[in-house]
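One letter stands for each residue in the lines below.
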Amino acid sequence: MKYIPKIGLEMHCEISKTKTKLFSRARNTYSMSPNTCVYPVDMAFPGTLPVLNKECVRLSLMASMILHCQIPEYFLFERKNYYYPDLPKGYQITQETKPIPVGIYGYLDYECEGQIKRIRINNIHLEEDAASLDHYYNTSTINYNRAGIPLLELVTEPDFHSANEAVSFLETMRSIYQYSGISEGDTKKGQIRCDVNVSIMDENLEESDPSNWGTKIEIKNVNSFGGVRDAINYEIKRQIHLKETNEYDAMPQQTRRWDEEEAKTKYMRSKVDAVDYKYFVEPNIPKLKIDPKWLEEIKESIPKLPLERKQKYIEEYGLSSYDAEVLIKDKDISDYFEECIALKIDAKDAANWVTVTILGELNKNDEKITDFYLTPSMLKEIIDAKNKNSISSKQAKEIFQKVITEKKEPKQFMQKENTQISDEKELTEIISKIVSQNESQKNAYLNGKTNLFDYFVGQVMKETKGKANPVMTKEILLKELQK
Amino acid sequence: MEEGIVSLHEKLVNKEITSEELVKKSLEKAKEAQEKYNAFVTILPDAKGVNKITSLLSGIPYGVKDNYSTKDVLSTGSSNTLKNYVPFFNATAVENLQKAGAVIIGKTVLDEFGMGGTGTTGHTGVVKNPWDETRMCAGSSSGSAASVACGVYPYALGSDTGDSIRKPAAYCGIVGYKPTYGMISRYGLFPFASSLDTCGVLTRSVEDAAIVVDAMKGLDENDMTSWDSSDIHLYDSLKKQTKAKKICIIPEICDIKRYPHASSELKEHLENFQKTLEICKSLGFTVEEVSIDENLLNALASVYIIISCAEATSNLSNLTGIIFGPRGNGTSTLDFIKDHRTKGFSPLIKRRFVIGSYVLQKENQERYFRNAQRVRRLIVDKMKEIFKEYDAVILPVGTGPAKKLKGPYDILDRNTTILEEHLQIGNFGGFPSITIPNGFIDGLPVGVNITGNCYEDEKVLQIASLLESKMPYKGQIAGRKEK
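These protein sequence lines are chains R and C, in that order.
Take the first sequence: its letter number 383 is residue 383 in my numbering, and every next letter is one higher.
With the second sequence counted from 1, adding 1000 to any position gets you my numbering.
What the hints contain is simulated information worked out from the structure, not anything from laboratory work.
Any given hint could turn out to be false.
[To be verified] Listed next, the in silico DSSO-like pairs over lysine-lysine satisfying Cα-Cα at most 27 Å (straight line):
{"hint": "1", "chain 1": "C", "residue 1": "K1362", "chain 2": "R", "residue 2": "K271"}
{"hint": "2", "chain 1": "R", "residue 1": "K289", "chain 2": "C", "residue 2": "K1384"}
{"hint": "3", "chain 1": "R", "residue 1": "K216", "chain 2": "C", "residue 2": "K1362"}
{"hint": "4", "chain 1": "C", "residue 1": "K1388", "chain 2": "R", "residue 2": "K289"}
{"hint": "5", "chain 1": "C", "residue 1": "K1384", "chain 2": "R", "residue 2": "K271"}
{"hint": "6", "chain 1": "R", "residue 1": "K80", "chain 2": "C", "residue 2": "K1343"}
{"hint": "7", "chain 1": "R", "residue 1": "K54", "chain 2": "R", "residue 2": "K287"}
{"hint": "8", "chain 1": "C", "residue 1": "K1384", "chain 2": "R", "residue 2": "K287"}
{"hint": "9", "chain 1": "C", "residue 1": "K1474", "chain 2": "C", "residue 2": "K1011"}
{"hint": "10", "chain 1": "R", "residue 1": "K220", "chain 2": "C", "residue 2": "K1362"}
{"hint": "11", "chain 1": "R", "residue 1": "K98", "chain 2": "C", "residue 2": "K1029"}
{"hint": "12", "chain 1": "R", "residue 1": "K386", "chain 2": "R", "residue 2": "K462"}
{"hint": "13", "chain 1": "R", "residue 1": "K479", "chain 2": "R", "residue 2": "K442"}
{"hint": "14", "chain 1": "R", "residue 1": "K329", "chain 2": "R", "residue 2": "K348"}
{"hint": "15", "chain 1": "C", "residue 1": "K1029", "chain 2": "C", "residue 2": "K1083"}
{"hint": "16", "chain 1": "C", "residue 1": "K1338", "chain 2": "R", "residue 2": "K80"}
{"hint": "17", "chain 1": "C", "residue 1": "K1474", "chain 2": "R", "residue 2": "K80"}
{"hint": "18", "chain 1": "R", "residue 1": "K287", "chain 2": "C", "residue 2": "K1350"}
{"hint": "19", "chain 1": "C", "residue 1": "K1382", "chain 2": "R", "residue 2": "K289"}
{"hint": "20", "chain 1": "C", "residue 1": "K1362", "chain 2": "R", "residue 2": "K287"}
{"hint": "21", "chain 1": "R", "residue 1": "K287", "chain 2": "C", "residue 2": "K1382"}
{"hint": "22", "chain 1": "R", "residue 1": "K80", "chain 2": "C", "residue 2": "K1362"}
[Unchecked claim] Simulated restraints, written as ranges between beta carbons of each label pair:
{"hint": "23", "chain 1": "C", "residue 1": "R1367", "chain 2": "R", "residue 2": "N35", "range": "39 to 47 Å"}
{"hint": "24", "chain 1": "C", "residue 1": "L1283", "chain 2": "R", "residue 2": "Q70", "range": "51 to 59 Å"}
{"hint": "25", "chain 1": "R", "residue 1": "T405", "chain 2": "C", "residue 2": "K1071", "range": "55 to 63 Å"}
{"hint": "26", "chain 1": "C", "residue 1": "M1471", "chain 2": "R", "residue 2": "P286", "range": "34 to 42 Å"}
{"hint": "27", "chain 1": "R", "residue 1": "T245", "chain 2": "C", "residue 2": "K1362", "range": "32 to 40 Å"}
{"hint": "28", "chain 1": "R", "residue 1": "T245", "chain 2": "C", "residue 2": "S1302", "range": "27 to 35 Å"}
We treat Cβ as the ideally placed atom computed from N, Cα and C, and that holds for glycine.
So that you can see chain C by itself, here it is in the shape it has in the complex (with noise of 0.2 Å):
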């Protein structure tokens, strides 16, 4: 389970191996991820392999998001609202992989619908870092990037609205690949914030990535926002030589110099980042600076707040414990909604929700809601005008490793808060985005992130690639670090 799809894939076809075996080794490392990190909300002991190998996928195991509707199968959304909602259906994505022939094996833990980036939030506890249990994984797709981190499976679904898949993939030494808004269907992925949200993959190589998202994509009639990329061929295009040649950086983010009081692991960090630039030039990319004001990057992490928190209250509003979820006490509807509400959320999402509701209030939106939207126009074509000239844009992820989940981890430090939170960039103008990891600091994985045009998918995942070949980090397993 500590391979890459390819070469599962050709064990099966040569019958080193069968998928009922995989998937019996997969189930006994699931329990032990789970007993270890407390990565899952479900494991499906009763799992069956697959006898027939018709494509890539065929007989492989993968894991789950608890936020993707999968029918039959508890899906909780990590939250309490939740806690026993069995769908009818499966989501878009996960109905693809299963006609590929894929096996899933459980469903991982998140922050309650993905909002929240420590993988401390979901109802069934926190997740713990597979590099170092006194770590977390950030969040939101926290159980996902714990599991595929320690070789439970080649890969499991995120999702991602602000940073939720690229972030836990750095943490934990990972890929995680989120694609153009809308190349994935959300049909059945429990909705955040529907205009940030995007349905991705975590997984140990980019070609990994390319492979699984290969199959999870494609026009959907019950997804008005998918779009058709039948002629996008991602694992195809890597094998091919790419177009691409110019790449940038935004100093405002990445320069050293711009954090005058920071820390060790940070300088570390963006030392170690330089060092991966110098790989890329090595390639035979260009790579240059290209400037974004520095009012509009300050202003990211409100107006993410603000559009995802405004989003968010609304579409979680169908959580009334009338319909699924458990029922409410009270003697009036409103009463047993309102109960249904105060004892399934926790306290973060409370939180966001009343954000979310006060920047919607009539006497506020013009203000806060609009203006974030204004800003996110401006920022979103700010990054078209760099497209136009630059293939793509590569920048460190975080501030450093993984956090130490006994500490001030909620506070955002007003220092650093547009290198934590630049990735949300991705989702504002609905960017192909993926980390990669590029390196260690005191023993814990780092990770680049490059991010490129809507459409350009193939063209984002041919860089990594090439990045992720000049790298020993391919393919790695949490605690197995070869230096």
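Excised from the complex, chain R in its bound form (with noise of 0.2 Å):
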């Protein structure tokens, strides 16, 4: 390619893990029937007030940490004006870059195709949704459960030099939401939106000067990763066509939305006819002290992130690159991982049972590991059985399965039917037993007649219920018919 793809991201995540809004009391959930999850200021009702909630402050700023981000000394709000009917005050709570927000100026190693990168973030803040809307043929409704939820919003340099390295990216930046208790980071739910912004730039240039860069083009809304994927190459190849026909000089400066059906990002508005939101701080919400031991506190509680938990699974529990990332790739799977392994189960013996059996089941049934009824230490009674070789290697896979689709104990399928006896002493007491009562074909069988051992196995395991383990009684019965 001739062209250097300058691609830059505004991901939004909504904060889904605190009790409440952003600025109410109202119910900070996803699922529910419209307008349901509402208080007074959320559809700002004369009079009413903004309170700050402290979990999100600590949320966001364990974000902005994570993303290796100045912090701010004081914590302070700015609101956005402009009109819309999703925007209930008639302006957003957010913050502007000046004074610092969150955060700014950090930055996040990921992995793409199996190398380490680094995106530089330009910043991090931390602002209020706005209410939801559907429009229908002459009328369109309103959900104001959305209005006020926490959203973080990450700014990133423009480093990305194709889709791939963005959504990568997107995908880390997800689980880490994910793994420090920050979201859901749901795109279904539309937890995650994004803005993308793109240039081309010429191959020869210099790159580290911005005014190579090209012409910046803004994409909104664009609501999945796969979106964000297809919208970047698509306008990669609409910019290179431009250039290839001379016309991209003359391109202004815009601002496009990403057409998912037609799979085109659109036109939406010049540079030039930029909305002026005229940010002022807010006066509602007096300057938080960002207190130091807060702040240590926080980070102390950030817990192990996808990339140091891969890193371990490696070198510490000798997995396989590919089965550490399969791991790590859902924290909830991770999480169901780590609980074996304290539970004392085998690293690989775990690694093998999650990523194989139990994943596989989960993909077929669409269902989520936090909703799984084999717990961890139901599996390690399976495996310790299969282990102690109570159980075959084929009988722990039907147990695995009769757990699962008749929802009760695995120990209930070990005694019933399936436990064999394996216990050495107690089949040689049953054994002796046996061979004292049947003196003469125990003569018989010393004196030639070997096709008394079947009649002996026949006895044990009348005598057993049929659940002795078969080995082993082959092996005793030679050694007692011996004595």
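Can you join these two chains into the complex? Each is in its own frame, and there are hints to help.
Shown next as structure tokens:
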């Protein structure tokens, strides 16, 4: 390619893990019927005032630290003023880059196609979400459940060079939000939304000089990672085409939107028509001084993040890079795996069961591991039984299936039918008793009637109702008959 | 109803009168005040007395400025945009008074959303001064001032963004008290300019003002700018010896020599003020002159207009007619928002919105809004410096008695602007500030103002109370001047 794409992202992610909204005591939840999680302030009734939820501040500071950002001394908010039916107050309470929002000038290392890359973060800030609108033929409805839900907006520098890099970053960032308990990061629930900016520059120009970066095109409201990939690739192609046909220089800086159905970016407005949001400091929220001690506490509470976990799985547990990657992709799965480790299940055994059998089941039924019936401790029972040879690996699989289909404890299936008597002492006692009760057959056997061996096996099975471990039974019988 | 709170309370406790009878009398007076002065947006004919007398305010009627949210009672802000708005929650201050057993009689007229100082811009028409119906009450707490002055009840709630309690109090010959910013929760007060808005009260004595604010104030979890004043007891403090010793005047504001073209009215007003200073001296206070840079004082009015209009244009953006208020006409949402606002607001407010938008625009913000904030800081710093040495500043209110309704009242006289506008200093710094009547000019009352440092409300009220005790205007009712 003769051109280098320059790509930057604005990633909006709802903080979904607080009880209440950013400035109101209404519940912060997703799947509720419309307009049920609403307090007067969410609908901007006259005289209502925002009250800052400190837990949101804590989680946003945590995100800022993970992104290695500079943290402000004071926390303050600003108003972004514009009229839109989804914005009840007529302004959004948000943070501008000056003074410092939750964080500025950080970076994050992420993996893309097996390589570790670094993206610079321009800033991350905390703001409130708007209500959601649904449009019908001649009417629109407003749902205020989403109004006031805390939102983290992260702005990267235009350091990505491909759609793959941008999407890998988004995936990494989503799992960071999940791992740190900030958000479920569910795009299906609309918890993650992106704006993308794309420009292309000639390959032979110096990349460190922003004036060579080309004309920045902003693409608004891309709501899935697949959409981000497609929009970037479409826009790169479109811009290259303009270059090749000498139309590029006439293209004004502009905002476009991603039309998912047509798989195209479409012109919205030029930079000249940009809205003046008339930012000013929100007077109803006093400056919040960030206590350094609090910051320390937050720092200590940051859990191990995916990349760290992956390294640990490979280095400490000896897993393959592939297995480790599969395990960390979803925090809940990684947590399940780590619970197995905590129960002292062998790491490779656990990895094998989780990545093959359990994930297979989950995928088959489109189920989440948090809803999975079989807990790590149940898994341990099955694995332990197999390792003690009281069940075969085939039986282990069968019991696994029975546990999840019948939703019963594994031991129920092991005791009833499947549990073998594999205790050597117990078997020896039973067998020696049978041998002593069948003196004449024993003598006949010893005199060469070797087919009587099967008669003894039959007697043992009869006595144990078929539960004697067959291999062990044969071994012990051979010994006892020789006595 | 022409008595003070303590005397009414004693009669209730001694069963000389019932709350029911008080309410009935008050309602009759309210109707009269409505007919003569147009003081009310709403009178509550079904207001009920209280049987149990649990506090000083129990069973005693009062009025509420119509920019306080009152549950199940029409609350209009004196604006067509909210002409049918019935809130489903009480403002915290109102709620606190309800808990004390106080009885609302009516909602009083204001200048639309508190903007304006004439009492002429409310959607129900002009409020007339009970001392002279051809004159204004000033504003914006016009209806509250008029109704207290003519003896409908002992007190009515007001709000003060520039001088909206303290100026009408002077024009109506009563007491107007604006406590320290945040002492009374603003939750439920329709906002005008959030960083300046203060709840307060209009009464006929300093004692009553102290009693009412004692009941209204308190930390509120719904207002982040409220603070814990549980160790401040205003009424009790009036019975104690004051620690205040030194007060000062600012000659750049009140020295007659600064006004070479002064009208006879102004001369009389300033001479009367000198007499009040003599009383202060006789009470044992040291009265000194402290100069403030005239450039700062000359900037007062502009700073106020810039900051208050900027905040107002944003604060009132929730008035779209979508969630509450009459729905506008139009095919698109923006169209019917526009229609609602075009029809709903008076020209004065629209003018202020234009100013507010203008000073917040990106290209103007530094020059106007940010500079106004800087000058505000300079003025407040200067005042804090003064309060290090002096317990309070004492100054005359306005340029004389109430102005004629028919006249060029809306135009500021360049020469006397400082005198008209200096009360805004109290809002810039959130200082406690009280106006009490200090005399008559041509049979019309005039007032004097005392302003102290933040959180020193007790001291300010003590000084005001001492001064009040040496003048014959305490408890005066409009039209019944006693010489």
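Sort out which numbered hints this structure fails and list those numbers smallest first.
-> The structure conflicts with hints 5, 11, 17, 18 and 28, although it agrees with all the remaining ones.
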